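Enquirer: Listed here are the chains, written in short residue letters.
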Amino acid sequence: MWGKFHRLKLMNNIKQILKKNCYDIFEIEPQFAIDTALLSTKLHQLQKEFHPDNAINNELSTNLASAHINNCYTTLKNPLNRSIALLEVNGYLLDLAKDTQLPLEFLGEQMELHELIDEANGNISALEELEQTINDKQKQLLVSLSDTFINKDFQEALNLTKQLGFYTRLLNSIADKINE
Amino acid sequence: MALLQISEPDQISEPHHRNIAIGIDLGTTNSLVATVKSGIATVLKDYNQNELTPSVVHYASNKITVGHEALQFRTTDPKNTMISAKRFMGLDVDLTSKNPVKVSSDILSHLKQIAIDSLGETPIGAVITVPAYFDDNQRQATKQAAEIAGLNVLRLLNEPTAAAIAYGLENTESGTFLVYDLGGGTFDVSILSLNKGVFEVLAVNGDTHLGGDDFDKLIYDFIINKIGVSPISDIEEATLMIASRNIKEALSMEESSKVNCKLNNTLYSLEITQNDFWDLSKSLLNKTLMLVKKALRDAKLTINDINQIILVGGSTRMTNLRRLLHDCFHKPPLTSLNPDTVVALGAAIQADNLAGNRNDELLLLDVTPLSLGLETMGGLAQKIIPRNSTIPVTRAQDFTTYKDGQTAMTIHILQGERELVDDCRSLAKFSLKGIPPMTAGVAKIRVTFQIDADGLLSVSAVEQNTGVMSSIEVKPSFGLTPEQITSMLNESIKYAKDDINTRLFNEAKIDAISLVEAIEQALQTDHELLTNNEEQQILLLIRQIKTQIEGINPKPLLEDNAQSPRTILKQLSIRLNEVTSGFASKRMNKAIKAGLSGKKIEEI
Amino acid sequence: MAITLTTNAAARVSTFIKNRGKGIGLRLGVKTTGCSGLAYKLEFVDTTNPDDEVFESEGVKIIVDKKSLQYIDGTCLDYTREGLQEGFKFTNPNVKDECGCGESFTV
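Chains as they are written, first to last, in the numbering used here: chain A, 1 to 180; chain B, 181 to 784; chain C, 785 to 891.
Simulated from the structure, these hints should not be mistaken for laboratory data. Because the structure is a prediction, the values reported are computed rather than measured. Hints are supplied without guarantee of correctness; some may be wrong.
As the list claims (entries may be wrong) - Simulated restraints, written as ranges between beta carbons of each label pair: (1) B:Val622 <-> A:Leu171: 35 to 41 Å; (2) B:Asp584 <-> A:Arg7: 44 to 50 Å; (3) B:Glu700 <-> A:Thr41: 33 to 39 Å; (4) A:Asp176 <-> B:Lys467: 37 to 43 Å.
All C-beta atoms in this analysis are idealised placements derived from N, C-alpha and C, irrespective of residue type, glycine included.
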């Protein structure tokens with residue numbers, strides 16, 4: 001009897017999880033600055049309930065709910081994805097692949113950085129130095145981004161998120177080069 | 181008769197259903213099986229008190245020999261003796277009886293039998309460990325091998341994660357570990373954090389074709405080089421290979437080791453020192469360190485963030501390796517654990533957990549080792565699930581048609597980090613069929629990729645406008661098709677030492693007989709507790725069970741379908757159990773009343 | 785009467801409890817089943833209940849609920865090896881017949 005009740009409750013909880021957005025699942029205020037330690041604690045709590053390892057004694061598949069929680073964890077942990085998710089919460093949809101309109105000055109700087117990566121020509125210490133430079137720039141950008149969200153200046157948040165997308169791509173490309 | 185073990189409070193289930201589960205470390209060189217008994221993870225020993233079963237199988241015309249007994253055939257009949265089959269898992273297989281999946285399933289069958297003999301019953305399921313860096317093909321092949329061996333796979337568990345469980349639960353509450361796992365044929369590095377019973381894997385890296393065997397090969401080549409003579413037969417080659425391994429093992433205890441080998445009818449003798457071995461192995465060891473650094477990068481950690489280094493795999497006994505790791509991390513690696521058994525013990529703990537026998541919390545959050553991608557225009561790979569994503573994980577991707585009325589399309593799925601399709605592992609080609617005919621670009625097919633907690637991929641597709649579920653036809657690039665598995669299952673019955681089904685049926689038979697006997701006895705003394713109707717119902721079921729037991733010679737069907745004699749017998753036994761449960765509690769009450777009124781139990 | 789452990793069984797129980805990190809003793813009991821009526825149970829103990837009887841044998845606390853005690857009073861618990869198997873074995877003077885598995889029995 002209790003087993004049946006537990007199943008129904010779990011089934012209902014799975015449905016709820018699949019409906020919610022990432023901020024709601026992790027019960028975090030929809031702000032850009034978040035406490036990553038809390039995020040991790042919350043992930044552990046949620047997965048204790050929904051991870052398929054725990055649900056193995058009943059036939060219900062919790063794979064989808066568990067995966068959705070993991071996806072949200074990744075989204076919230078990563079500043080770029082978090083920013084896109086937060087824009088969405090506030091009614092702004094951003095497609096980074098299509099929407100690349102940015103000031104010429106910024107694009108020029110990006111071109112330069114790309115050239116520097118190519119010039120490093122696989123030299124690890126040169127690449128790591130470059131990585132440090134871009135990381136510093138990105139950190140500044142993240143501070144501004146957090147402020148624009150606090151001020152509810154979503155138009156500016158859109159612009160900064162697009163820029164963040166460029167930095168992320170640069171950093172990924174450097175990481176790939178170092179790994180090779 | 182099974183001997184009893186101590187359970188956690190309130191976890192005990194019905195007798196005959198004690199949820200015993202096993203953990204199996206299916207290694208390149210050695211394999212082990214372990215279980216949790218009265219709360220302690222224990223490696224199960226065979227009749228000769230061996231914990232390790234060499235992963236060696238010898239195939240004679242009508243006899244399969246596994247483990248220690250098969251070792252001798254390495255030098256007497258190398259052609260029919262399969263070693264290091266794990267190295268070839270997931271590669272294109274020929275359907276002879278000696279492909280890697282079949283060899284692995286024969287090893288697993290052997291381990292399963294050790295478990296049954298040690299536990300007195302068939303385990304309900306098994307956790308089987310795989311190298312963390314195994315791709316989808318290699319994992320699928322492992323799962324197939326287990327299915328062919330008749331094992332219910334509870335979970336595929338990454339080897340370094342298993343080691344961390346065995347270590348972490350015993351020794352520490354929280355911290356960040358690096359697991360350095362050099363097996364016979366595979367290398368894994370895993371970085372995990374442990375926090376109050378939750379193991380979170382932060383990053384893995386590795387090489388599924390780098391292991392202890394490669395260090396043996398270095399010594400082998402060194403010997404041939406030094407004496408200037410090559411082996412002229414399979415037997416000489418195998419003998420020298422074994423001698424090389426012995427030298428490697430000797431050099432982890434002594435400064436130098438001497439080899440005597442007979443090549444081309446001449447006896448040669450050679451001394452190898454630790455320094456020689458250090459020079460030989462430096463580049464391989466540095467290769468593993470590169471992978472360690474990549475994993476640290478992915479985890480966004482530095483060497484100083486690592487609290488402990490756990491060593492796994494017999495090859496981590498190499499002195500030069502331990503010295504290198506000590507220098508690199510500025511602290512000695514943990515050597516308190518037996519690197520041969522730690523993976524199997526961790527697998528047993530997780531098996532016990534999955535079988536529902538644990539009261540305290542244990543949760544594993546593992547990751548997928550390789551990025552999952554799709555082939556796009558121009559032979560490029562587009563990543564859709566990045567490596568080190570926590571599993572289970574899903575990603576949806578939308579596709580559209582490029583021709584009017586197009587009803588099918590092909591999706592090529594890849595695994596790997598490289599940009600070019602040709603440099604990645606090809607997992608499968610999926611044909612999406614049954615797309616409703618529409619103008620080009622209107623159809624929107626949402627394909628969802630899911631990697632489950634075993635690290636295995638599944639795919640589904642729906643056309644978004646019409647809600648039509650496209651059918652998916654999978655053509656695995658490697659591994660076995662379902663038909664091939666069925667054919668191998670049939671094959672394995674032909675070879676099996678004793679028919680699994682006969683044994684299972686016999687077990688069900690013994691259970692049923694004891695049930696019937698017990699009830700018949702109860703009926704003799706206490707039948708007045710039953711109505712006539714109830715008694716008739718019980719007697720009818722007993723008659724049906726007896727007919728089923730006497731009249732059947734079970735066909736060797738591996739599928740446990742509804743018609744199998746065992747299933748019918750089990751169903752009848754369950755019915756009888758249900759029907760008599762009221763009777764049992766009436767007898768219990770009667771006994772208690774009698775007991776309270778001071779009667780001896782024997783007189784009831 | 786009472787419940788007793790052999791020296792070997794007591795040593796094993798102590799090891800298992802020590803390894804588990806907590807627990808005050810060993811619970812022996814029976815539960816009803818559809819089968820022949822009764823089956824043994826063997827559990828670690830974290831808390832006792834009001835209707836429990838506590839025995840001590842070879843330095844190990846044995847806890848049995850009153851209802852179960854009717855069926856297993858006088859039992860001696862041994863730890864033994866049979867072939868590849870290792871585990872606990874009940875020697876229960878109340879038993880008239882037990883099923884092949886040794887887990888369930890009739891009185």
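Enquirer: All hints, please: hold or fail.
Expert: Going through the hints against the structure:
1. B:Val622 <-> A:Leu171: 35 to 41 Å: With Cβ atoms ~37 Å apart, the hint holds.
2. B:Asp584 <-> A:Arg7: 44 to 50 Å: holds, 48 Å
3. B:Glu700 <-> A:Thr41: 33 to 39 Å: violated, 58 Å
4. A:Asp176 <-> B:Lys467: 37 to 43 Å: Given a distance of about 19 Å, which is not inside 37 to 43 Å, the answer is violated.
When held up to the earlier numbered hints, the structure conflicts with 3 and 4 and fits the remainder.
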